[in-house]
Amino acid sequence: MAATYPQVLLQNRKPNRIATLDEYRHSGGYEALATVLKKHAPKEVQQIVLDANLQGRGGAGFPAGMKWKAVADDYPFPRYIITNIDEMEPGTFKDRIMTHVDPHMIIEGSILAGYAVSAAKAFIFVRPSYENSARILEREIGIAKEDGYLGKNILGSDFSFELIVHRSGGRYICGEGTAQINALMGLRPRPQQSPPRSTEKGVWEKPTVLNNMETLVNVPHIVRNGPDWFKGLAKTKTSSGTKLYCVSGKVNRPGCYELPMGTRLSEIIDEHGGGMLPGSDFKTCLPGGASTSYLQKKDYDVEMDFDGVKKANNRLGTGAVIVFDQKTCLVAATLNLMDFFVRESCGWCTPCREGLPFIRDLIWRIEQGEGKEEFIPLLRTMSAHTWKSYCAFAPGATMPVVSLIERFPEEVHEHISQKRCPYETQREIPDRRMER
Amino acid sequence: MKKYQKGFIVMLPDELRRTLQTQIARAEDPREQAVDVMLHLQRHYGYLTDEALEEGACLLGMTPLELEELATFYDFIYREPVGRYVRHVCDGVVCWMNGYGTVLDYLRLRLGVGPAETTKDGMFTILPTACIGYCDLSPAMLVNGRPYGPLTPEKIDDILKRLRETTVPPRLAR
Chain C
1 MAATYPQVLL
11 QNRKPNRIAT
21 LDEYRHSGGY
31 EALATVLKKH
41 APKEVQQIVL
51 DANLQGRGGA
61 GFPAGMKWKA
71 VADDYPFPRY
81 IITNIDEMEP
91 GTFKDRIMTH
101 VDPHMIIEGS
111 ILAGYAVSAA
121 KAFIFVRPSY
131 ENSARILERE
141 IGIAKEDGYL
151 GKNILGSDFS
161 FELIVHRSGG
171 RYICGEGTAQ
181 INALMGLRPR
191 PQQSPPRSTE
201 KGVWEKPTVL
211 NNMETLVNVP
221 HIVRNGPDWF
231 KGLAKTKTSS
241 GTKLYCVSGK
251 VNRPGCYELP
261 MGTRLSEIID
271 EHGGGMLPGS
281 DFKTCLPGGA
291 STSYLQKKDY
301 DVEMDFDGVK
311 KANNRLGTGA
321 VIVFDQKTCL
331 VAATLNLMDF
341 FVRESCGWCT
351 PCREGLPFIR
361 DLIWRIEQGE
371 GKEEFIPLLR
381 TMSAHTWKSY
391 CAFAPGATMP
401 VVSLIERFPE
411 EVHEHISQKR
421 CPYETQREIP
431 DRRMER
Chain H
1001 MKKYQKGFIV
1011 MLPDELRRTL
1021 QTQIARAEDP
1031 REQAVDVMLH
1041 LQRHYGYLTD
1051 EALEEGACLL
1061 GMTPLELEEL
1071 ATFYDFIYRE
1081 PVGRYVRHVC
1091 DGVVCWMNGY
1101 GTVLDYLRLR
1111 LGVGPAETTK
1121 DGMFTILPTA
1131 CIGYCDLSPA
1141 MLVNGRPYGP
1151 LTPEKIDDIL
1161 KRLRETTVPP
1171 RLAR
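So the sequences go chain by chain: C and H. Take the first sequence: its letter number 419 is residue 419 in this note's numbering, and every next letter is one higher. Take the second sequence: its letter number 105 is residue 1105 in this note's numbering, and every next letter is one higher.
Hints were generated in silico from the structure; no laboratory data involved. Please note that the accuracy of each hint is not assured.
[Said to hold, decoys possible] Within a straight-line C-alpha distance of at most 35 angstroms, the following computed DSBU-like cross-link-like pairs (lysine-lysine) qualify: (1) C/Lys14 x H/Lys1161; (2) C/Lys231 x C/Lys14; (3) C/Lys327 x H/Lys1155; (4) C/Lys298 x C/Lys231; (5) C/Lys310 x C/Lys69; (6) H/Lys1155 x C/Lys14; (7) C/Lys419 x C/Lys372.
[Unchecked claim] A few chain C positions that, by computed beta-carbon distances, are all more than 10 angstroms from chain H: (8) Ser27; (9) Gln192; (10) Gly275; (11) Gly279.
[To be verified] Far from chain H, by Cβ distances over 12 angstroms, these chain C residues were calculated: (12) Gly28; (13) Ala34; (14) Thr35; (15) Phe62; (16) Ser157; (17) Pro196; (18) Glu410.
From the three backbone atoms N, C-alpha and C, an ideal C-beta is built for every residue, glycine too.
Make a model of the complete structure from these sequences and hints.
Below, the structure is given as structure tokens:
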């Protein structure tokens, strides 16, 4: 039996049904908004969230309170919030689950963020694969509006706020904050380096705060129960709150589980994910989506928070655990990941546009049995070049590559010496080939 | 579909035009609605035709080229004819390890078309797609936005049968 923990974000989770506004209210929903509008100045809300050490859940772990405080008093108006539900990191599906569990928590979280930085409007940026989520949110926003939680003079206060669902057309890079801002403005979505930071000049040159949806759903609970309560939810001292961990791959119960931040990986896989499939043994996992490193068995007990995973020379990323078993070829898996990154590169800068296809080609050759030992140092050099790229996309893309050759060198050598892939059960090559 | 000629603009139905105009008027800036307008137009025309692109650009106050700049960027905007049902088969790493190859093989067997191809009756297009975010249901695919998974040959047969029974095959002009 898996240990049970207090459910905060998924407390209204029901099989095959979305929580209604009444159900959300019954669990304390919109109380935080009412309290804040009566009792707290925007600055106080920022401070509460900062005190709670709410780390951004999109992957970087940057404290949300700090991001909000970056919007200085003298910055112009109107200001904007972007609630990021682009969620395109492979293995990650928590935002989709959340919109199907309790959409009003997302709405309240977005409004509170808006209040904290005196914004007038929030855009919820939704990827096309989540059309259902977009429709749910549009419907529930309408309901929230009817009950006075959105629109002019919310709950009789002088705070007015609007919430818009913005549909995207796809592409991984749109999940990157500055690219998303470009996408929202109807420009070709490519990342933009700071300065100026988007908190100063974002959407239409106006201060814009972009948060991952999972970050924002925590805010109503923090306001209601206090920063200390929130910190107490985590298993580790360096983190706070709960985390929506996604488990997928060779496990018995793939799914999204809300567990204390810092829960050990072994517990996530063995207990909540139901353990490995019959006949499967754990070989490795990507602990936080595709742009993290393969994790070695010796780190199986790692505490899954930002600091814990960092100590194991890895990244928590989105907390999406992709589990590989002993029968899965890691060279082929890396080839699949590189296919993804090559396809999704926005093409803006050379290290990414040129470097990634080159790396992909080397891995493809190794998988095909055409690999040579000298490819390995070449992969290392090429991966290092990606650190000269314009945004974090390409360095992230090479994390699986570098960890493959550092942590599972025998598997690569085997491919080269045997001049074939030793994993017969694996379906060889993905169909999208890009031969050079 | 009529072949595009210069100066020839297909009129949108009034209702759709009004919907789009209202939507654009509500936005902070018309461009904000660019993707949404393209998604609407492609639903109407079947794909984002050259006419649709011109009409969309006109509604948005952009040049067709500016809109094309966006259209070509996104993988859910179709600039070429697609079937009545577009199957975005997920080839993300989780689906790959859970049998994406088998799913694709089976679709090829049943439909006689491979990736990026459309069946002769204009019913189905297969497009392998980056992780669609249904890893808990892998191997998975989207059919016109609707998710299906975990896919088995039986389930695929079932989906195909249901869609064929409920849809009149479109007339394809190519």
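Now the hints, each set against the structure:
no., hint, verdict
1, C/Lys14 x H/Lys1161, "holds (31 angstroms)"
2, C/Lys231 x C/Lys14, "holds (26 angstroms)"
3, C/Lys327 x H/Lys1155, "holds (26 angstroms)"
4, C/Lys298 x C/Lys231, "holds (28 angstroms)"
5, C/Lys310 x C/Lys69, "holds (26 angstroms)"
6, H/Lys1155 x C/Lys14, "holds (25 angstroms)"
7, C/Lys419 x C/Lys372, "holds (9 angstroms)"
8, Ser27, "holds (24 angstroms)"
9, Gln192, "holds (15 angstroms)"
10, Gly275, "holds (16 angstroms)"
11, Gly279, "holds (14 angstroms)"
12, Gly28, "holds (28 angstroms)"
13, Ala34, "holds (28 angstroms)"
14, Thr35, "holds (30 angstroms)"
15, Phe62, "holds (23 angstroms)"
16, Ser157, "holds (23 angstroms)"
17, Pro196, "holds (19 angstroms)"
18, Glu410, "holds (20 angstroms)"
Figure legend: structure checked against the earlier numbered hints; every hint is met.
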